[in-house]
Each structure stands twice: as C-alpha cells, then as structure tokens.
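A.B. asks: Assemble the whole structure, with the sequences as input and the hints as a guide.
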Amino acid sequence: MTEADPIVRLTDLRLDRGGRAVLRDINLAVPRGQVVAVLGPSGSGKSTLLAALTGELEPAAGSVEVLGQPVPRNPRALLELRKGIGVLLQGNGLLTDLTASENVALPLRAHTRLPKVLIDRLVMMKLNAVGLRAAADAFPRELSGGMARRVALARALALDPPLMVYDEPLTGLDPIASGVVMDLVRRLNDSLGLTSIVVTHHVHETLPVADHAIVIANGGIVFSGTPQALQASTDPLVRQFLDGQPDGPIPFDAAPRTAEAA
Amino acid sequence: MPFVAATRSVGRAGLFTLSVLSASRPSVDLFREFVREIYKIGARSLPIIAVGGAFVGLSVTLLGYRALDTYGASNQVSAMLGLGLYRELGPVLTALLFIGRAGSSIAAELGLMRATDQITALGLMAINPVGKVVAPRFWAAVLCVPLLTGFFCSLAISASYFEAVHVIGIDSGIFWQVLKDSVDFVDDFGMALVKSAVFGAVAALVASYVGFHAEPTIEGTSVATTKAVVNASLLVLMFNFVMSALLFR
Numbered sequence: 001m002t003e004a005d006p007i008v009r010l011t012d013l014r015l016d017r018g019g020r021a022v023l024r025d026i027n028l029a030v031p032r033g034q035v036v037a038v039l040g041p042s043g044s045g046k047s048t049l050l051a052a053l054t055g056e057l058e059p060a061a062g063s064v065e066v067l068g069q070p071v072p073r074n075p076r077a078l079l080e081l082r083k084g085i086g087v088l089l090q091g092n093g094l095l096t097d098l099t100a101s102e103n104v105a106l107p108l109r110a111h112t113r114l115p116k117v118l119i120d121r122l123v124m125m126k127l128n129a130v131g132l133r134a135a136a137d138a139f140p141r142e143l144s145g146g147m148a149r150r151v152a153l154a155r156a157l158a159l160d161p162p163l164m165v166y167d168e169p170l171t172g173l174d175p176i177a178s179g180v181v182m183d184l185v186r187r188l189n190d191s192l193g194l195t196s197i198v199v200t201h202h203v204h205e206t207l208p209v210a211d212h213a214i215v216i217a218n219g220g221i222v223f224s225g226t227p228q229a230l231q232a233s234t235d236p237l238v239r240q241f242l243d244g245q246p247d248g249p250i251p252f253d254a255a256p257r258t259a260e261a262a
Numbered sequence: 001m002p003f004v005a006a007t008r009s010v011g012r013a014g015l016f017t018l019s020v021l022s023a024s025r026p027s028v029d030l031f032r033e034f035v036r037e038i039y040k041i042g043a044r045s046l047p048i049i050a051v052g053g054a055f056v057g058l059s060v061t062l063l064g065y066r067a068l069d070t071y072g073a074s075n076q077v078s079a080m081l082g083l084g085l086y087r088e089l090g091p092v093l094t095a096l097l098f099i100g101r102a103g104s105s106i107a108a109e110l111g112l113m114r115a116t117d118q119i120t121a122l123g124l125m126a127i128n129p130v131g132k133v134v135a136p137r138f139w140a141a142v143l144c145v146p147l148l149t150g151f152f153c154s155l156a157i158s159a160s161y162f163e164a165v166h167v168i169g170i171d172s173g174i175f176w177q178v179l180k181d182s183v184d185f186v187d188d189f190g191m192a193l194v195k196s197a198v199f200g201a202v203a204a205l206v207a208s209y210v211g212f213h214a215e216p217t218i219e220g221t222s223v224a225t226t227k228a229v230v231n232a233s234l235l236v237l238m239f240n241f242v243m244s245a246l247l248f249r
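Going down the list, the sequences are from chains P and W. Note that the numbering used here has the first sequence beginning at 1, numbered continuously upward. Note that the numbering used here has the second sequence beginning at 1, numbered continuously upward.
Derived by calculation from the structure, the hints in this document are not laboratory data. No false leads were slipped in.
If you anchor each label on the Cβ, the simulated ranges turn out as follows:
{"hint": "1", "chain 1": "W", "residue 1": "Arg12", "chain 2": "P", "residue 2": "Val117", "range": "38 to 46 Å"}
{"hint": "2", "chain 1": "W", "residue 1": "Val230", "chain 2": "P", "residue 2": "Pro249", "range": "48 to 56 Å"}
{"hint": "3", "chain 1": "W", "residue 1": "Arg44", "chain 2": "P", "residue 2": "Arg187", "range": "38 to 46 Å"}
{"hint": "4", "chain 1": "W", "residue 1": "Val35", "chain 2": "P", "residue 2": "Asp5", "range": "41 to 49 Å"}
{"hint": "5", "chain 1": "W", "residue 1": "Val35", "chain 2": "P", "residue 2": "Pro246", "range": "54 to 62 Å"}
{"hint": "6", "chain 1": "P", "residue 1": "Gly225", "chain 2": "W", "residue 2": "Arg44", "range": "56 to 64 Å"}
The model shown is predicted, which means the values in this text are computed figures rather than measured ones. Cβ atoms here follow ideal geometry from the backbone N, Cα and C, with glycine treated the same way.
C.D. replies: Next comes the structure, spelled out in structure tokens:
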C-alpha cells in the first residue's frame, strides 16, 4: 500500500504504553481518497495507533506523518494540525450541556470568524448530511446511540477536514444503526473527497465499505491488502480473527491495560 | 518519596494555574460561558448562602450578647458581629459553603467530562479544553465569591438586627451606629472582598485541577469530588490565616 503522496505515513513506528511496547515495526502509507479499515481484536493496539495519528501519544521510535507533515510536539502546531483531522470517538464526546446543533457549531465558532447566520446554515447542512436535521435542538441525552454517533460525525465533519478517523464507530449500535453509520462513512468519503481511517473490530460491517484493510495483532500488522484478499486469506492468525475462533495464534488472555493505556 | 510527589503535585498545579490564565483570552465564547457559569455556580448558590448567613448572624448575636452583657456592654454586639463577620466569618464561611455547593459540582462535572471523552474531544477539535471548560469557571468563581460574601454578610446583619432589636431589645439606632463606627469600609469590607476573590480563585482552581485530571472512571470522579472539597477547604483556611495576619492590624 504505497503512494507518492500519502495522507498518512507511518515509518518503523513503535508505540509504548506504560513502558510496554504495544505496537512495533509499523510501516503504513494511506493513499488519499480511500476508506481504510484498521481491524484487530480488542487490546491489539488499534486505539493506540489512533492516538499516535492525532498526536496524543508520542512514538517511542519511528515517525508519524499526517497531511504531509510530521505530527508536531509543539502544542500550538499540534492544535493547528488537528483542524485538518476529524475524529469520531468511540464515546462520541458530545458536550452534554449543548444541543446537537450547538455541538456541531462548536469547531466552527472556535476556528472561523463566520457570521452566526452562516454558521447556523453550515450546521444545518452538516446535520442534514447525516440525516439529523430534525434533531438539531435535541440534547445528547435525548438521542439514541446511533443518532448521537451521527451528531458526533457531523461535528467531526464541521471544518471539512481532509482526513477522517473513526474510533470504533459501531460500538453499542444495533445492526440497522451500524449499517447507517458505515453507509455514511462511505458516502461522505466519496462525496466530500475525504480519506477515512476506520479503527474497528467489526469486520463484517466494515469490509463492504473499505477499499483497503489492515489487521493488527500480536503487536504488529499481520495483514495489509484488499477486503477480498483478507476474506480469502488462509493465514491462521487472520482466520482466527475473522472466524472468531477462541484458540489460535492470537492469545485471548492479554496483559491488563495500565491507567495510561487506551 | 512523599516529598517528591508533593513537590511534583504543587508544580503541576502551578503549571495548571498558568495554563488557565494564558487560556483566558477575552472572546465572545469565553464571555458566553462565563455568564452561564455565573448562573450555575453563583446564582444557584444564593439560597444556601442566605440560610447560612442568617444562622451565623443569629448565633454570633446570641453568643456576643451573652458575653458582652456580663460586662454591661451588650450594646456593642453589632460591633462584634460586624468585625467578626467582615474580617473572618463572612469570607471564610462563604468560601466553605461555596466549595461544598459549587466546588464539588465543578470537580464532578469536569471528572465526568473526562470520563465521557468530552475533554478529549475538545482537544481533538483543536479547542483548548482548559480555555473552554476551566477558564469560565475560574473567572466566574473569582467574581461570584466576593458577591456571595457581600450577600452572606447582609443576611447575617439582617438576622442579627432582628434578633438584637426585636428579641433582645437593643435600641435600633445604637445597633446601626455601633456597627457603622466599628466597621471601616475599606479596611474591613474592602479586605473581605479581596479575601473572598482569592478564596474563589483557590476553590475554583483546586476543584478544576482535580476534576480535570480525574481518572476517567466513576470512582475517579467521586475521588476528585472528595479531594476538591477537602483540599480547597483546607487551603482556604490556610490562606485565610496568612491574609488575616498580613492585612489586618
């Protein structure tokens, strides 16, 4: 998976949590315009990888380049870089004392000098894009899990970032809501010209919308290829994960997470 | 290594204070949040401050009357009340009530925001979480605690007046005249406001610091709430002694 100008490039990356190497020797280039699924069992380091992409976690070794530049350590430069990355968190992270529309307006109010009328219109456009125009005045507690996830998605898209990162976007959603969210991921990626990285362990819902799949297990990338190649793989490690077998090369009993670990 | 750990905590708290001040650039958003926090931590604390102030006024008047009457100086009860109230009781008790009512809610709110990824989400949206959620609470506390102290003292004096004049039988004119003669507007009332502003800052900083850095679990939030109340209360009492020693002759 290589390209001259990838939107994300990881080179010889090693990521530690609590003094323990979670991922090592990670090399990856994500081409622009694709939906890339980063798959792996729970505790395999998917969220740790995401933390490195957003600059929350400093690599122990190697480099992380996002949007054509190394992820900066300087807090101000890091905030600047993050304006170009939309992140949908597993827990949504919606501010509970703001309505859906106020949540979506948050990044627009913080980073633009647009007049209120224009911000209101943009907010309604974003909510319309995720099919939640009618829920603009609802508070997060009044929304179902799937609706709250879509509001968070609209907020992540508010600044039209070229790169979207989804952290376990299907956790806690029923099959219909999962289908709606994954359909949105694909549709928004194509219509807005984004690049999407979907970090998940929901294989069967994610592969149909992905252009490329990566499987992380045992501290490294064990597969990188098309979803079709992944489905056809005979690698015992990949098969154990895809088929949900309790016995195999991936140990079910992993080390406990430390307070720092994601 | 408790000394090293304590020193590290003080250093972190100092850096946190600096980050709150540096994140307090005037903006429409900050002002909007600031007004909302004034309502949440200031206006909604009024009932508890009113009740607290009234009962403190009643207690001090009763205590003062019994003590002073022994020496035939029961007319001086409003002087004792005024000085005690403005110099010590007003700012300290208001701050302690504020910590119990608003400081705990600040810590719990920020702890829950941490546990539900709201603080992480702000950072990922390139919004400084300290500027967004801590700075408005800090400045609202700095403004509200002096106002609440004024309210506390007013209620205490009103209750004292009722008890001294209508129950004990002290002359109304003497009550007010003695109070007016003994309490200086700048040295007593002004200093009470200064002390209160410092206590408000201490309460908000401690509550915000422990809430903002709470472990993202339910237990972490409850620990942060307890720490906020205990640590802020002790710090207020310590600051009160130091300030009283420096400010009042």
